[in-house]
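Please construct the entire structure, taking both the sequences and the accompanying hints into account.
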Amino acid sequence: MNELTKDPNAIEARIALDLPGMADAGAMPNDIQWAPPGSHSIHASRGGKPVELDVNVTPAGAQRVAEMHARYTAAADSGEGDRAYFDFNHDDKEASAHPKGFFWGGDDPQKGGIRANLDWTGAGKRAVLGRDFRRFSPSFYVDGKGEIRGMPVNCGGLVNRAAFQRIAPIMSKLAEANALTSAPDFLSKAKVLARSRNLSDWDSYQVLAHAEPYLYDCYRWEVLGLGGRKPESPQETTYLARWQLAEHDEFVTQAKALSDALDLTLDAAANQLARSQPALYERYRDKLGLGDSRHYNERVLAVHARAEASPFFLLAKSIATQRKIDITAAFGIAARQSPELYDSYRQSL
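Residue numbers for the sequence shown follow this note's numbering, so the first one is 26 and each next one is one higher.
Quick caveat, the hints were computed from the structure, so don't treat them as lab data.
Just so you know, not all the hints are guaranteed correct.
[Stated by the list, open to error] Label pairs and their computed distance ranges (CB to CB):
{"hint": "1", "residue 1": "ASP288", "residue 2": "ARG361", "range": "36 to 44 Å"}
{"hint": "2", "residue 1": "PRO303", "residue 2": "ASP168", "range": "38 to 46 Å"}
{"hint": "3", "residue 1": "GLY131", "residue 2": "ASP157", "range": "44 to 52 Å"}
{"hint": "4", "residue 1": "LYS281", "residue 2": "THR346", "range": "42 to 50 Å"}
{"hint": "5", "residue 1": "ALA286", "residue 2": "ALA334", "range": "41 to 49 Å"}
{"hint": "6", "residue 1": "PRO134", "residue 2": "THR346", "range": "32 to 40 Å"}
{"hint": "7", "residue 1": "SER369", "residue 2": "LEU78", "range": "53 to 61 Å"}
{"hint": "8", "residue 1": "LEU287", "residue 2": "GLY147", "range": "18 to 26 Å"}
{"hint": "9", "residue 1": "ASP288", "residue 2": "ASP157", "range": "44 to 52 Å"}
{"hint": "10", "residue 1": "SER103", "residue 2": "ASP168", "range": "23 to 31 Å"}
[Unchecked claim] In silico lysine-lysine, DSS-like type, Cα no more than 27 Å apart, as pairs:
{"hint": "11", "residue 1": "LYS125", "residue 2": "LYS150"}
{"hint": "12", "residue 1": "LYS136", "residue 2": "LYS216"}
{"hint": "13", "residue 1": "LYS125", "residue 2": "LYS136"}
{"hint": "14", "residue 1": "LYS118", "residue 2": "LYS349"}
{"hint": "15", "residue 1": "LYS136", "residue 2": "LYS170"}
{"hint": "16", "residue 1": "LYS118", "residue 2": "LYS150"}
{"hint": "17", "residue 1": "LYS150", "residue 2": "LYS349"}
{"hint": "18", "residue 1": "LYS150", "residue 2": "LYS170"}
{"hint": "19", "residue 1": "LYS125", "residue 2": "LYS216"}
{"hint": "20", "residue 1": "LYS216", "residue 2": "LYS342"}
Cβ coordinates follow ideal geometry from the N, Cα and C atoms, glycine included.
Rendered as structure tokens:
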């Protein structure tokens with residue numbers, strides 16, 4: 026019987042941790058990071074239902090996990106229970122490894138935290154060395170204060186981002202903020218949100234559009250296809266003229282001043298200004314002909330729904346699945362294969 030289903034307090038963490046690189050050289054790692062050190066806000070599953078919680082990974086938690094593992098081992102040795110194990114994709118079927126013990130590895134984000142010494146199964150070795158699975162995700166018990174109290178006998182599993190369900194890497198709020206800062210554009214930032222908050226692509230677009238309206242409008246401008254080329258229709262000519270006129274708008278002037286004053290990028294300053302002075306931003310959007318932003322969330326969902334059902338999107342999705350590549354890369358291939366479908370897709374946006 027699945028331990029996670031049996032115990033309503035068990036957390037299927039949906040934390041995805043990179044397996045050590047030594048497996049690339051044909052050798053299996055003797056130990057892996059079971060949970061990274063520090064405090065983390067995670068999207069998890071309890072009893073098959075999604076939950077959000079803060080988790081503290083500490084030396085005390087490592088000690089409790091080690092003690093529970095020792096109890097499982099003693100029960101298995103006496104024929105009264107099962108030996109602790111990892112599976113594949115949290116499916117509670119075939120074992121990929123058996124932990125031999127748990128210990129605290131220190132505060133290093135990559136080398137520390139709670140670590141597990143492992144005895145790999147044949148299936149686990151083949152999966153890792155064959156690169157069928159590249160990541161690990163633990164399962165544990167947590168109390169109301171976010172402290173790890175132990176783990177179920179099925180205490181984790183090998184996972185892969187390309188598997189059937191999304192496995193969200195664990196990210197603290199600071200880590201998410203740093204990742205968002207380093208992401209260069211709207212789509213990259215949306216991908217960070219999708220991974221850190223376990224959102225669908227479309228939901229991450231909506232969240233980001235609400236949080237960074239200026240960046241979203243710049244993305245819409247790029248989607249029109251005018252970046253780096255001349256307009257090809259009267260409508261595109263109008264858009265370009267509006268954009269050039271708006272570059273001298275009071276909103277842009279203030280955003281540049283805020284950027285200089287606070288040592289922010291122009292995009293970051295513009296987003297901050299858009300949130301703090303919505304009326305000023307609305308006048309700027311009017312010059313661009315982008316319409317009333319109070320309703321853009323609904324429009325975002327409608328546009329994305331149309332796009333997802335379009336022949337071009339379905340072609341790109343098929344290419345991504347067949348070639349096992351990112352959907353963004355598949356878009357480029359699909360556009361070259363069927364430029365007429367791409368044109369129709371772009372116009373639908």
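Comparing the hints with the structure gives:
Between ASP288 and ARG361 the beta carbon distance is about 41 Å. The supplied range of 36 to 44 Å therefore holds. A beta carbon spacing of about 42 Å between PRO303 and ASP168 agrees with the range 38 to 46 Å that was offered as a hint. Remark: the range hint 44 to 52 Å for GLY131 to ASP157 is contradicted by a beta-carbon distance near 30 Å. For LYS281 paired with THR346, a C-beta distance near 44 Å keeps the hint of 42 to 50 Å intact.
Roughly 45 Å separates the CB atoms of ALA286 and ALA334, a value that falls within the hinted 41 to 49 Å. For the hinted restraint 32 to 40 Å between PRO134 and THR346, the CB-CB distance of approximately 33 Å keeps it satisfied. A hinted range of 53 to 61 Å for the beta carbons of SER369 and LEU78 is inconsistent with their spacing of about 44 Å. As the Cβ distance of LEU287 to GLY147 is approximately 57 Å, the hint placing it in 18 to 26 Å is violated.
Checking the proposed 44 to 52 Å range against ASP288 and ASP157 shows it holds: the Cβ atoms sit about 46 Å from each other. Checking the proposed 23 to 31 Å range against SER103 and ASP168 shows it holds: the Cβ atoms sit about 28 Å from each other. Proximity of LYS125 to LYS150 is assessed by CA-CA distance (about 16 Å); at most 27 Å being required, the pair is judged to hold. This hinted pair checks out: LYS136 and LYS216 have alpha carbons roughly 26 Å apart, not beyond 27 Å.
As the CA atoms of LYS125 and LYS136 are separated by approximately 18 Å, the hinted pair is consistent with the 27 Å bound. The straight-line distance between the Cα atoms of LYS118 and LYS349 is roughly 25 Å, inside the 27 Å bound, and the hint therefore holds. Annotation: proposed proximity of LYS136 to LYS170 holds, straight-line Cα distance about 25 Å (limit 27 Å). With a CA separation close to 16 Å, the supplied pair LYS118 and LYS150 stays within the 27 Å bound.
For the hint pairing LYS150 with LYS349, the CA-to-CA distance comes to about 22 Å; that is within 27 Å, so the pair holds. At roughly 36 Å between alpha-carbon atoms, LYS150 and LYS170 are farther apart than 27 Å, so this suggested pair is violated. With a C-alpha separation of about 36 Å, the suggested pairing of LYS125 with LYS216 is violated against the 27 Å cut-off. A C-alpha spacing of about 16 Å is found between LYS216 and LYS342, which places the hinted pair at or below 27 Å, so the restraint holds.
The structure is inconsistent with the numbered hints 3, 7, 8, 18, 19, although it conforms to all the rest.
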